[in-house]
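As you go down the protein sequences, you meet chains G and W in turn. Oh and the first sequence: position 103 is 103 in this note's numbering, straight run, nothing missing. Oh and the second sequence: position 139 is 139 in this note's numbering, straight run, nothing missing.
Be careful, since some hints might not be right.
What the hints assert, rightly or not - Covered by chain G, per the in silico footprint, the following chain W stretches (three or more residues, Cβ under 8 Å): (1) 24-33; (2) 86-93; (3) 123-129.
Unchecked claim - Derived contacts from chain G toward chain W, CB cut-off under 7 Å, selection only: (4) A157; (5) T159; (6) G162; (7) A167; (8) E170; (9) N171; (10) A174; (11) V178; (12) Q208; (13) P449.
Read the hints as simulated data drawn from the structure, not as lab findings. Heads up, the beta-carbon is just placed ideally off N, CA and C, and yes, glycines get one too.
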Amino acid sequence: MDLLMQHLFNGVVASSVYMLIAVGITLVFGLTRLINFAHGQFLVIAVFVALDLITAGVPFVFAAAAAVVAAGVIGWLSERLLFRFTMDNPYNGLIIGLGLLLVLESAAFKIWGGFQVGVPAAVTGGAGLGDTYFAWNRVLVLVVAGLVTAGLFLLLARTRLGAQLRAAHENPVAAAHVGVNVGRMVTVAFVAGSALAGLGGVFYGTLQPVGAFDGAHLILKGFAVALLGGLGNVSGLAKASVLYGIGETLVAGYGRAEYVPFFTYGVIIIVLLVRPGGLFEKHPPSDSTFARSSRGVARAERHSRVERLLGGAAFVLLPIVVFEAVGTSRLQSLVLLSVLYAIQVYALAYVYETTGVLSIAQGGLMAVGAYSAGVIAVHLGLGFWWALLVAVPLTVAAGALLGLVVSRCTGHYLLLVTLAFSALVTQLTLTAIDLTNGDNGLILPEKLPEIGPLTFTDLRSQFYLVFLVALLAAFGLRRFKSTRFGLQLSGVRENESLARSIGLRVGRAKVGAFALSGAVSAVGGVLYLYTQTVIVPTSFDAVFSIKIVIILVLGGVALAGPLVASMVFVLLPELLQLDPVDQQFLFGVLLIMIILLLPRGLVPALITGYSALRSRLLPARHPATATGRPETGGDAVRSPSELVREEIS
Amino acid sequence: MSTAELEISGLTAGYGGVVAVKDVSLSVPAGTTVALLGANGAGKSTILRSVSGQVKPRSGDIRLNGESLVGLRPDQTLARGVAHVLEGRQVFAQMTVVENLRLGSVRRGRDTHEETIALLLDHFPVLAEKARQPAGQLSGGQQQMLAISRALMSRPRMLLLDEPSLGLAPVMLPTIVELIRWAQTTFGAAVLIVEQYSALALQVSTWGYVLRNGRLVASAPSAELAEGDAINTAYFGVDP
Ligand SMILES: Nc1ncnc2c1ncn2[C@@H]1O[C@H](COP(=O)(O)OP(=O)(O)O)[C@@H](O)[C@H]1O
Ligand SMILES: [Mg+2]
Numbered sequence: 001m002d003l004l005m006q007h008l009f010n011g012v013v014a015s016s017v018y019m020l021i022a023v024g025i026t027l028v029f030g031l032t033r034l035i036n037f038a039h040g041q042f043l044v045i046a047v048f049v050a051l052d053l054i055t056a057g058v059p060f061v062f063a064a065a066a067a068v069v070a071a072g073v074i075g076w077l078s079e080r081l082l083f084r085f086t087m088d089n090p091y092n093g094l095i096i097g098l099g100l101l102l103v104l105e106s107a108a109f110k111i112w113g114g115f116q117v118g119v120p121a122a123v124t125g126g127a128g129l130g131d132t133y134f135a136w137n138r139v140l141v142l143v144v145a146g147l148v149t150a151g152l153f154l155l156l157a158r159t160r161l162g163a164q165l166r167a168a169h170e171n172p173v174a175a176a177h178v179g180v181n182v183g184r185m186v187t188v189a190f191v192a193g194s195a196l197a198g199l200g201g202v203f204y205g206t207l208q209p210v211g212a213f214d215g216a217h218l219i220l221k222g223f224a225v226a227l228l229g230g231l232g233n234v235s236g237l238a239k240a241s242v243l244y245g246i247g248e249t250l251v252a253g254y255g256r257a258e259y260v261p262f263f264t265y266g267v268i269i270i271v272l273l274v275r276p277g278g279l280f281e282k283h284p285p286s287d288s289t290f291a292r293s294s295r296g297v298a299r300a301e302r303h304s305r306v307e308r309l310l311g312g313a314a315f316v317l318l319p320i321v322v323f324e325a326v327g328t329s330r331l332q333s334l335v336l337l338s339v340l341y342a343i344q345v346y347a348l349a350y351v352y353e354t355t356g357v358l359s360i361a362q363g364g365l366m367a368v369g370a371y372s373a374g375v376i377a378v379h380l381g382l383g384f385w386w387a388l389l390v391a392v393p394l395t396v397a398a399g400a401l402l403g404l405v406v407s408r409c410t411g412h413y414l415l416l417v418t419l420a421f422s423a424l425v426t427q428l429t430l431t432a433i434d435l436t437n438g439d440n441g442l443i444l445p446e447k448l449p450e451i452g453p454l455t456f457t458d459l460r461s462q463f464y465l466v467f468l469v470a471l472l473a474a475f476g477l478r479r480f481k482s483t484r485f486g487l488q489l490s491g492v493r494e495n496e497s498l499a500r501s502i503g504l505r506v507g508r509a510k511v512g513a514f515a516l517s518g519a520v521s522a523v524g525g526v527l528y529l530y531t532q533t534v535i536v537p538t539s540f541d542a543v544f545s546i547k548i549v550i551i552l553v554l555g556g557v558a559l560a561g562p563l564v565a566s567m568v569f570v571l572l573p574e575l576l577q578l579d580p581v582d583q584q585f586l587f588g589v590l591l592i593m594i595i596l597l598l599p600r601g602l603v604p605a606l607i608t609g610y611s612a613l614r615s616r617l618l619p620a621r622h623p624a625t626a627t628g629r630p631e632t633g634g635d636a637v638r639s640p641s642e643l644v645r646e647e648i649s
Numbered sequence: 001m002s003t004a005e006l007e008i009s010g011l012t013a014g015y016g017g018v019v020a021v022k023d024v025s026l027s028v029p030a031g032t033t034v035a036l037l038g039a040n041g042a043g044k045s046t047i048l049r050s051v052s053g054q055v056k057p058r059s060g061d062i063r064l065n066g067e068s069l070v071g072l073r074p075d076q077t078l079a080r081g082v083a084h085v086l087e088g089r090q091v092f093a094q095m096t097v098v099e100n101l102r103l104g105s106v107r108r109g110r111d112t113h114e115e116t117i118a119l120l121l122d123h124f125p126v127l128a129e130k131a132r133q134p135a136g137q138l139s140g141g142q143q144q145m146l147a148i149s150r151a152l153m154s155r156p157r158m159l160l161l162d163e164p165s166l167g168l169a170p171v172m173l174p175t176i177v178e179l180i181r182w183a184q185t186t187f188g189a190a191v192l193i194v195e196q197y198s199a200l201a202l203q204v205s206t207w208g209y210v211l212r213n214g215r216l217v218a219s220a221p222s223a224e225l226a227e228g229d230a231i232n233t234a235y236f237g238v239d240p
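Bound conformation, chain G alone:
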């Protein structure tokens, strides 16, 4: 099979590029247990920089060098200005990286526009051998990437710097005590990793076009390779890259290019399920080598029960007040949309509150619900009740499956797994055109049914229906937390190994939480379909999932937090008339700021501010708070970012 030879050659060339991308991920992870989500976007920026310079007449070599430097500088800045502050908590670093990805994607779009571009090859032509064509550009990529990789291995094995990097990787505390400046090693890893991503980007750009929003997809590819090789294990990378590169090329060559994402996400999910430590590593990377910083002591202010309830109840009614107060139906439908968001936030809270997992798969779960309902309505003509009957069990099953994968991996892989799940579902809905109508979207032919005398044809009745469901989800979450199962799950969240040691089935608990979340999500998804009447794959993509996470982090999980935060989140961009790209930029900045500045979320902060003000005005009635002594009664308001700030170990 001569075509096979061609695929193998192309696959090996692709491997050498993936090696360059993955090595940065694995270097940084090895030293810090951090996966930098924005890493893929560094590569995208390098492509644009190189293209701009080449278009301006700069020779390829200098353009490539400039792109490498640009990527290195961005990596350096991101470490200095952002990741440096989350070094004691890689989970926070993950979220900051997510924010940075959103910011850099929208910035790239603003600067370079939305078209996919390629980098003109350094050399043209090639030589045929049998039926196989060896393009000189591919040969060049293979040789240079191979040399750079070999140089890196030599540097790690033979030089003082390499020894220091390895020492800092193996045991950062001991390394510091033999005189290694561990902080500087982290900087070195960031800069080197980002620069290599830049080089990988330029090469990748000569093989395939790249667009402003490709960062998320590229980091997942790089992550798939790094994971195959055993995260943090540089020596496994070469084999992993070849395996992945050839696999991908074969999938694209014998299948279709659209199947490649399934290959990527499939690799991630399967490796995590079967061999979380990578294919070539006997021992999975242990978190114990990571410097155990003393856990930040949660200093959540406590509120009297009345104060909390009052605050809660007032906030709960806010959507109704706003809905009735805004005059236009345009704004009213946005308030309705915000409540639909809030249902998803509550669904996420079922998982988050009980297991501590901040999942970026909410959009994926919602899509399963909405699309299954849409498909049976469009293709089988089945109505609302059938939709619920089909969508809920299906989404519960999808949630359970996701929970199963999640329960197999530790805190640091979680976000990536859930992101891969989201991307997988989006890709499915895009690809299965016969069922989903792909990009064009599915238009619902059905209407919400009448219940007795109630009809749901106008905006107001739809709003109250959705609002009621949101309240049910919120109260359900509260009740659920105090059930036996809920308590078990909280045990898992507080201390997983302790929970395990007293006989709780941790894995099963996580599967259960995700299944439950799936049920809530499905109901919300079906309501979304029946009130919005049209769904497109991007309605539920990773960015949507990230929005849900941001709303949860912003609003906290207090009763009305998600409702209020959703409203702010949906209405504000509309009132400011931001286009989607500006919105994405804003989300990214918000996410970063929340993690760095606002540990407990916005609404809890408001309540705290309110009660602090009250205690100042009425000191006699609040002796405990007035003296600055925390009250002992009542439980503290906990917010996601607070937990995120605690070390997950």
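Use these hints to put chain W with the ligands onto chain G, whose structure you have.
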């Protein structure tokens, strides 16, 4: 200026809500070995960590030959002459013995580097034999030798040893005692040795301090401590 190499005054340090060490003052005169004794959890390691910069003191001062070490990172205190051998022999298990030793001198010029390695390997034939093997393959005692040797690679003025006998077979103890004495005479370093069980530490030291619940409860010549009951007091909490 005192003649003390290391002078700790009024040190208070801890972790989060825990205060592990309260108002401790002690000194190690140049060229001598001083023992710091106490039960598990007394705060001994915290004192060493404060000196080497792994833990930031809440208050108090730490001076090496008159120069304050407060606020420095471990790699910076090492550059000033403090070498800290961590509790539990933290060798780099995946790196070879020689690589471990080389790392010990990342802060010093290459000139003295091979010379010191030769000196150490010469003195420890066991390490020389296994020079190219991963350190993880050494026995516990050999790993402790390696950890101390690695600290000596930086030619420290002040050597901090955290429970060097912990987890070692009793037959290894004389070797460790000999190693500490040799290090002291060869490199001229002052030594602060932390131990739970007093025998070894009092044997190599001239002066001893006893720590209980983060506070110093005794300070006397080692010989006196070896006879007296200050140690019992420290361990069992019987006040004299
Ligand atoms: N990393 C840490 N985080 C929180 N508490 C710690 C930590 N290390 C030690 N402690 C506490 O500080 C106290 C003193 O510990 P340490 O200095 O290690 O004692 P010693 O070395 O004498 O056994 C103990 O109560 C211990 O529990
Ligand atoms: Mg100790």
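Hint check results:
Look at the segment 24-33 of chain W against chain G: 0 of its residues bring a Cβ nearer than 8 Å to a Cβ of that chain, fewer than three, so the hint is violated. Only when three residues or more bring their CB closer than 8 Å to a CB of chain G does the claim for the segment 86-93 of chain W stand; here the count is 5, and the claim holds. Figure legend: the segment 123-129 of chain W, annotated as covered by chain G; annotation inconsistent (0 residues with Cβ-Cβ distances under 8 Å, at least 3 required). With 7 Å as the threshold, the beta carbon of G/A157 stays out of range of chain W, its nearest partner Cβ sitting at about 10 Å, so the hint is violated.
Of the supplied interface hints, the one on G/T159 is violated, with its beta-carbon coming no nearer than about 11 Å to a beta-carbon of chain W, more than 7 Å. Among the interface hints, the one on G/G162 is violated; its C-beta lies about 10 Å from the nearest C-beta in chain W, farther than the 7 Å criterion. With a least beta-carbon distance of about 5 Å to chain W, the hint placing G/A167 at the interface is held under the 7 Å criterion. Interface restraint check: G/E170 against chain W, minimum CB-CB distance 5 Å, threshold 7 Å, status holds.
The criterion of a C-beta within 7 Å of any C-beta in chain W is met by G/N171, whose closest approach is roughly 6 Å, and the hint holds. A distance limit of 7 Å between C-beta atoms decides the matter here; for G/A174 the minimum to chain W is near 4 Å, and the interface restraint holds. With a cut of 7 Å, the hint placing G/V178 at the interface with chain W holds, because the nearest CB-to-CB distance is about 5 Å. Interface hint status for G/Q208: violated, as the beta-carbon distance to the closest one in chain W is roughly 37 Å, over 7 Å.
For G/P449, the suggested interface contact is broken, since its CB lies about 56 Å from the closest CB of chain W, more than 7 Å.
Hints 1, 3, 4, 5, 6, 12 and 13 from the earlier list are contradicted by this structure; the remaining hints agree with it.
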